[in-house]
Amino acid sequence: MEDKLRQIVTKIEASKLPENDKEELYVTISEGLQATVWPVLLKFMPKEELADLANNPSKITVESYAKLIEDTVKDGQALKQIDGLMNEVLVEVEKALAQEGIQ
Amino acid sequence: MSETGEMPADRESTKSKVVRGVKEAIHTAFEKTKATNSEYWEIRKSIQEKMAWHGGGVYRQHIENMDKLTNVMFGYGEKGFGKKVLEASFKMGTRLAAAPIIGAAAAADITYNLATWPFRLFVPIPKDIFKRNILLLSNASVAGSAVGAGVVGAEVAAVKGARAVGEAVWTTPEVAATMAKKRIDAIVEKIKKPRQTR
Chain G
42 MEDKLRQIVT KIEASKLPEN DKEELYVTIS EGLQATVWPV LLKFMPKEEL ADLANNPSKI
102 TVESYAKLIE DTVKDGQALK QIDGLMNEVL VEVEKALAQE GIQ
Chain X
53 MSETGEMPAD RESTKSKVVR GVKEAIHTAF EKTKATNSEY WEIRKSIQEK MAWHGGGVYR
113 QHIENMDKLT NVMFGYGEKG FGKKVLEASF KMGTRLAAAP IIGAAAAADI TYNLATWPFR
173 LFVPIPKDIF KRNILLLSNA SVAGSAVGAG VVGAEVAAVK GARAVGEAVW TTPEVAATMA
233 KKRIDAIVEK IKKPRQTR
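Chains as they are written, first to last, in this note's numbering: chain G, 42 to 144; chain X, 53 to 250.
With the rest of the complex left out, here is chain X (with noise of 0.2 Å):
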């Protein structure tokens, strides 16, 4: 649900206890922080729910034009919608990057993504791009940005050569821990950037 900026969905069929305490920490901290826009979101219930809301007319309209700009902006299936996406994304980038963002920089990643990419009103974020495999693809952008294109070859190779001679050269420390490492590099930046997995 955060794709539309509400308050993320529960999933009744979560089974683990530590995934059912960090989710309801979250609700807990939401709880905390609708106190910054608690109009916003009663507003939001109310629409979302179909209720006439009573009050807070003139900020109901405000989230009301903003949905009416997504649609027009971002409307799915209308002409030219993928360059639009692509356009958006370049030109915010660029204005953003001259934003003040200092010691925010995280947030402001987020941000981007969010309001680059509202198309998440229709096409939802996958649930599974934090799955193994996809982290271990996408350890070659976050790498790549860092080394060099040249080096994340050669760390491909180096991981193929490694599967192909059996599982034991993973016991190997360095690389159990250049590993982990790139794998928590690579879970970072896909919460902050989610977009760039499609």
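Just chain G, same shape as in the assembly (with noise of 0.2 Å):
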């Protein structure tokens, strides 16, 4: 995924457009990126682990809190299908350049 982020900045940077439009680029992929995350780590996250956070305030700490995302990413597959989700996002932005002449 880093691979073809650092290409599509890259291509971006070599091109010609406008400093202002470049910032909007990478505003708008950054989003794009973002936007992936909490769906995928709520589809992983243990439910119950949660639910007895929630419904017990006094337990939600620092520790708690890490721990539960601990919990979600730990085997690897939530962070794998982000990584998944993301390079889906790179692939659609790379053609949307290409089109405008960019690549």
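These aren't lab readings, by the way, just hints derived from the structure by calculation.
Quick reminder that beta carbons are idealized off the backbone N, C-alpha and C, glycines included.
Accuracy of the hints is not assured; some may be wrong.
What the hints assert, rightly or not - Have a look at the derived ranges for each label pair, beta carbon to beta carbon:
#1 Thr80/X - Glu90/G: 31 to 39 Å
#2 Asn61/G - Ala232/X: 15 to 23 Å
#3 Val132/G - Arg184/X: 26 to 34 Å
#4 Lys183/X - Ala92/G: 41 to 49 Å
#5 Val132/G - Lys183/X: 26 to 34 Å
#6 Lys45/G - Ser90/X: 21 to 29 Å
#7 Gly142/G - Thr230/X: 21 to 29 Å
#8 Gly145/X - Lys136/G: 28 to 36 Å
#9 Asp93/G - Lys135/X: 21 to 29 Å
#10 Gln118/G - His79/X: 23 to 31 Å
#11 Arg184/X - Thr102/G: 39 to 47 Å
#12 Asn185/X - Thr102/G: 37 to 45 Å
#13 Gln113/X - Gln140/G: 40 to 48 Å
Join these two chains into a complex; the hints should help.
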């Protein structure tokens, strides 16, 4: 994913787009990538652990929150899926740039 | 909007055809990726639009539980809020470092940034983080992690010197290539770790 992201940024930087457009593209790409995260995290999140914390606010600590996120990603499946979705987003971005002659 | 994990917002004011094309492309990608967890998106949409949700009751509860947790954990303005964020960032960094992220390091970086920075719900990412002057400043930290503070200091001094003697210095191909590479590194880094801008 990072290689593809780097390729895209390199193409945008090498293009003759105005500086404002480049900045807006980076913000758009950044937002696009970030938006893939929470739906997948929630899908893989241990629901009983989540419910237990939500129903017992006194149990919500930095440690318990960090553990919840760790438990969500520790088998690698969530990150793998997020990575896949981010790649799909970048593929579409690359296509759109190519259509505008940025390749 | 992505700070909250939602669909990127349209910016109607966008004039550039390229920017518009990329935004449309990202929306197209979303239409495909939404199938990954369509229930999530439908419930999120209904919550955003304050509509009643008439299905997926259990899953809605999961989403509301997560919101509740986020509010308690990172409730803006609460006592010790900043300390909590830093503590969570440190602890989760340590924990995620041990997670299997082979081939997904960049995705892990973005995930980690979002999960440890949910107060973006209240303080959105500044839209100017990709501006040239900010990236030039961040070049120092990107280069710093790779080559050490001493060299960075020299580079910063060199950059200041170059500015002092005029723009002509920037036309040297080696300098231009180095600066271009550093700028690309900085942009990639900012996309992966936007919270470090603040």
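Going down the list of hints, with the structure as the test:
1. A beta carbon spacing of about 35 Å between Thr80/X and Glu90/G agrees with the range 31 to 39 Å that was offered as a hint.
2. Hint check: Asn61/G to Ala232/X, Cβ distance near 19 Å, so the stated range 15 to 23 Å holds.
3. The hint said 26 to 34 Å for the Cβ distance between Val132/G and Arg184/X, and at roughly 28 Å that hint holds.
4. Lys183/X and Ala92/G have their C-beta atoms about 43 Å apart, which keeps the hinted 41 to 49 Å range intact.
5. Range check, Val132/G to Lys183/X: about 27 Å between beta-carbon atoms, so the 26 to 34 Å window is met.
6. Against the hinted window of 21 to 29 Å, the Cβ-Cβ separation of Lys45/G and Ser90/X comes to about 25 Å, which satisfies the hint.
7. Distance hint check for Gly142/G and Thr230/X: the Cβ-Cβ separation is about 27 Å, which falls inside the suggested range of 21 to 29 Å.
8. A hinted range of 28 to 36 Å holds for the C-beta pair Gly145/X and Lys136/G, which are about 34 Å apart.
9. Taken as a hint, the range 21 to 29 Å holds for the pair Asp93/G and Lys135/X, whose Cβ atoms sit roughly 24 Å apart.
10. Between Gln118/G and His79/X, the C-beta spacing of about 26 Å keeps the proposed range 23 to 31 Å intact.
11. Distance hint for Arg184/X and Thr102/G: a CB-CB separation of about 41 Å, consistent with the stated range 39 to 47 Å.
12. Between Asn185/X and Thr102/G the beta carbons are some 39 Å apart, a value that agrees with the proposed interval 37 to 45 Å.
13. Between Gln113/X and Gln140/G, the C-beta spacing of about 43 Å keeps the proposed range 40 to 48 Å intact.
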